[in-house]
Amino acid sequence: MQAQVTPARRRNEREASLLDICEQLVKLASKAGASDSEAYAERTRESSVKVRDGNVEELQQATSKGVGLRVFTAGRLGFAYGTDFSKDGLRGLAESAVSLAKGAAKDQFNELPRGRQLGRGPEGEYDPAIEDIDPAWKLRAAHAAERAAAQVDARVRKFDATGAGDFLARSAIASSRGASGESRASYAYLYCSPVAEADGQLQTASWADTRRRLSELQAPDEVGRIAARRAARMLGARKVKTQKAAIIFEPQQAGGFLAGLSGAVNGDLVHKKSSFLAKLLGKRIASQQVTLVDDATLAGGLGTRPFDGEGVVSQRTVVIDRGVLESFLYDTYTARKAGARSTGNAVRGWSSLPHIGTSNFVLDRGGVSAEEIVRGTKRGLLVTAMLGSGANVVTGEYSRGANGLWIEDGQIAHAVQEVTVSGSLLDLLQAIDAVGNDLDLRSSTASPTLRIAEAVISGS
Amino acid sequence: MPKAVQKPAAVRAPLLPLPLIEKLLSAAMSRGAEFGEVYVERATTTAVSLDEGKVRSAQVGAVTGVGVRAIRGAQVGYAYSDDLDEAALLRTAQTAALIAEGNRAPGPVSLSRTPLPTYYQVKQPLSGIDVARKIELVREANAAARAHDRRIKQVMAGYADQTREILVANTLGHLAEDRQDLCRLGVSCVAFGKGGERRTGFYGGGGRVDFRFFEDFSPAQVGREAARQAIATLGAIPAPAGPQTVVLAPGWSGILLHEAVGHGLEADFIRKGTSLFAGKLGEKVASELVTVIDDGTVAGGRGSLNVDDEGNPGERKVLIEKGVLKGYLYDHLNAKLTGQRSTGSGRRQSFRHAPMPRMTNTYLAPGDQTPEEILRGVPKGLYCRQFGGGQVDISNGNFVFEISEAYLIEEGEITRPVKGAMLIGVGPEALKNVSAVGSDVSLDPGLGTCGKDGQTVPVGVGLPTVRIDNVTVGGTGA
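So the protein lines, in turn, are chains A and B.
Numbering of the first sequence is given in our numbering, commencing with residue 1 and proceeding in unit increments.
Numbering of the second sequence is given in our numbering, commencing with residue 1 and proceeding in unit increments.
It is worth saying that the hints were derived from the structure and are not from the lab.
Given the structure is predicted, the values throughout are model-derived calculations rather than measurements.
A few of these clues could be false.
Cut-off 27 angstroms, straight-line C-alpha distance, at most; resulting in silico cross-link-like pairs (DSS-like, lysine-lysine) [as the list claims (entries may be wrong)]:
#1 Lys-239/A to Lys-23/B
#2 Lys-153/B to Lys-272/A
#3 Lys-283/A to Lys-380/B
#4 Lys-452/B to Lys-65/A
#5 Lys-280/B to Lys-279/A
#6 Lys-241/A to Lys-380/B
#7 Lys-273/A to Lys-54/B
#8 Lys-123/B to Lys-54/B
#9 Lys-337/A to Lys-106/A
#10 Lys-452/B to Lys-241/A
#11 Lys-102/A to Lys-432/B
#12 Lys-54/B to Lys-279/A
#13 Lys-244/A to Lys-380/B
Quick list of the computed label-pair ranges, beta carbon to beta carbon [claimed, not checked]:
#14 Pro-125/B to Glu-216/A: 24 to 30 angstroms
#15 Ser-86/A to Pro-125/B: 19 to 25 angstroms
#16 Gln-340/B to His-414/A: 54 to 60 angstroms
Ideal Cβ positions, reconstructed from N, Cα and C, are used throughout, including at glycine.
Chain A on its own, in the form it takes in the complex:
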């Protein structure tokens, strides 16, 4: 079929700018009785295609907007959000936020960031080429990925989905303490999820690439081929015996491991002594090969932004330096409570209050290739997919379902499924004995290949 998508309506020039909307709301909040207020607004455009068996399966396109208003009245916090940008709509938001604040407790740490903490720009990670993507390009790319996947292996004939899409966002923030900023962001993505089938067993795998710049997006046929190979190599997967062995996390799974760990450096959990790392600042918590940063300024990073969800200028924070825990992550409220400084880690959408989260949470690359790590492993599991949430950062326990490839004497022996990988998070961090050189920023939480010398694998 011919591509029939038309580009979404360009931003209507008559529409009030997002920053205007935010500034109006701040004024209305003050009129309604707020002692301080902050408004955050977004407009987004998303567009996606899905194909299957050579046919278009779904076309989706929409624009969307919303604004959230945070107010303090005498140290009490209220929050309201909505999609109605009319004068009456905004006034209603201001009034309900102020009236809601009356029910919350007075809290001396409720304050907005101000002065030199605030960031105004640069503009953000924005690629005009993504705004101008030819709609037919996405269909061609998705078809190409699917075609390439179907040619890899005779056992790969079914597809869950293959697709491509793009996302554009503008956001703005204004506050009664001088925050005033606008930024833009964009990304494009491509994915393929084939299913391999043999001897009554089905195995799905998927491969995706997401980039801030269209020109950096992986070639469609490469995405398809990688996905198909990943599905096919899982055929014949079986349990292994319960044992202790080495665990190698592929980059995506290593990233997942970091994501699980990120809650442990959340300043709020730390302050409440509800993180297993709460008392370990300045201590050696991981192998010396581990250096971990949260860096909102990283060029091309999917978590890169000029300022955080409350307007605080973006920064690079070293969290673990060669195994030593150097810093936790804070937003303004928690930093005040804990006697620390905001690290610019407030994250939010327009429908949520700012809360602590990571930007680009990245483990530094090491010096060896993933192949060398596998070759140097006597016996272990190369983890290629995981199930469940895994890390409990309060108790410090880790246990997660895993699929992957069994390694004997540096060689891949067979596929593995239906096992779990378990251990204490501190033990696992200390036991990291190899860090790959294959770091790739296709996700905001990213890591190269990691090997853990030993963990418990539960199977038969």
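Put chain B on the given structure of chain A with help from the hints.
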């Protein structure tokens, strides 16, 4: 399960004027689509949270929008807008229409209201309840959790509700409207033990219920139960790793069914042949003791639906009967493409999402053994009392679910608490290993949220006390 009587939908002003909806339907069909649908949603959400003994925030949000879908064969065009003026909505419908490529002048659509059952009767919309009463819930829950034991050092309590009004109209002439209220109170606690040990507890509940629900399901009881779990597991030993017999306590353990079989029976995976349950209708896929039901008609249930997000009434469906696979969960599209009938399973997170087949309340029919009998029959095993989340891989059937409170079973008795346990298995194998089913069926208290393909919807799950043999337990102990 109690059933409510049928009654005609109340006549009130629709969310969008009917002539405009008819225009949008025509526009969605303007390029030769075979089916067009307009979905209008107005959702008001209220949330309050308490942390470190203080009511941290109170918030409210209101979002209204329209989603338009056009279908031609297996091809779907979807577009949405939160801008409700006629011109913007017509552009939205025309964007959805682009999935088809023709220039057919559509016939006029005339809509008639579908009478709906009422499986939830929330008299006063939850959005209209004074926020001060909602704040009172989290305060009481916090006080009760802290009073339970002085080792409870952290308590977070949250209450959230949503009043969601929907209207679905399609080119078959159906028009359905529903108000779907939903609320949930949740409390999590951290107990601090000796030597820096921390244990957590979580409990809560709600549903499509009147605010009066919390008079019986009291916040104090919720707070105490969360605290009890955290205290009970202090001093836990590492969970033994490897295959063993497990006994699951009733209720939220139903997440086992949700993951091990439920998702694999959703008709999109079946049609594409990517689920391991595809093509197995009439085959034995579980132990004879296993009868699985997905039931959108449970009174006040968190997953209950008078009408799904495609305008079809909620239903009770037997998916597995005495171990034999009986049916799948169909939405409109997958039913149409495979010559089946929708089972009222078409759901979406919001107007920003196209519907797909989903579960509602999924539970296992009760057996005839008492929970005590089941436990007594286990010489050595693991008793799982409270559960975290779960996940499944549809194709190979691998599922996991996390056990937040578990104990060793020794000679038929519950003994020491264990920590860090999780269960892993392959759906049909785990269900074939079900060797005892209790008479104590119970739905979870109203906690579950299910995620699929980036969309979340509220669901219920239920399981009586169940014994499963030879399940792999992930852990670190011997």
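Hints and how they fare:
1. This hinted pair does not check out: Lys-239/A and Lys-23/B have alpha carbons roughly 57 angstroms apart, beyond 27 angstroms.
2. About 9 angstroms separates the Cα atoms of Lys-153/B and Lys-272/A, which keeps this hinted pair within 27 angstroms; it holds.
3. The suggested pairing of Lys-283/A with Lys-380/B is violated, with an alpha-carbon distance near 41 angstroms, which exceeds 27 angstroms.
4. For the hint pairing Lys-452/B with Lys-65/A, the CA-to-CA distance comes to about 24 angstroms; that is within 27 angstroms, so the pair holds.
5. A hinted pair counts as satisfied when its Cα atoms are at most 27 angstroms apart, and Lys-280/B with Lys-279/A does not qualify at roughly 54 angstroms.
6. Of the pairs offered as hints, the one joining Lys-241/A and Lys-380/B holds, with about 20 angstroms between alpha carbons and a cut-off of 27 angstroms not exceeded.
7. As the CA atoms of Lys-273/A and Lys-54/B are separated by approximately 17 angstroms, the hinted pair is consistent with the 27 angstroms bound.
8. Proposed proximity of Lys-123/B and Lys-54/B is contradicted: the alpha carbons are some 31 angstroms apart, above 27 angstroms.
9. Our distance criterion of 27 angstroms between C-alpha atoms is met by Lys-337/A and Lys-106/A, whose separation comes to about 14 angstroms.
10. Using a Cα cut-off of 27 angstroms, the hinted pair Lys-452/B and Lys-241/A is violated, with the two alpha carbons roughly 32 angstroms apart.
11. The straight-line distance between the Cα atoms of Lys-102/A and Lys-432/B is roughly 56 angstroms, outside the 27 angstroms bound, and the hint therefore fails.
12. Straight-line distance between C-alpha atoms of Lys-54/B and Lys-279/A comes to about 24 angstroms, which keeps the hinted pair within the 27 angstroms bound.
13. Only pairs whose Cα atoms come within 27 angstroms are accepted, and Lys-244/A paired with Lys-380/B is accepted, the gap being roughly 23 angstroms.
14. Judged by the Cβ atoms, the range 24 to 30 angstroms given for Pro-125/B and Glu-216/A is violated: they are separated by roughly 49 angstroms.
15. Judged by the Cβ atoms, the range 19 to 25 angstroms given for Ser-86/A and Pro-125/B holds: they are separated by roughly 23 angstroms.
16. For the pair Gln-340/B and His-414/A, the supplied restraint of 54 to 60 angstroms is violated, since their beta-carbon distance comes to about 39 angstroms.
In this structure, the earlier hints numbered 1, 3, 5, 8, 10, 11, 14 and 16 are contradicted, and the remaining ones agree with it.
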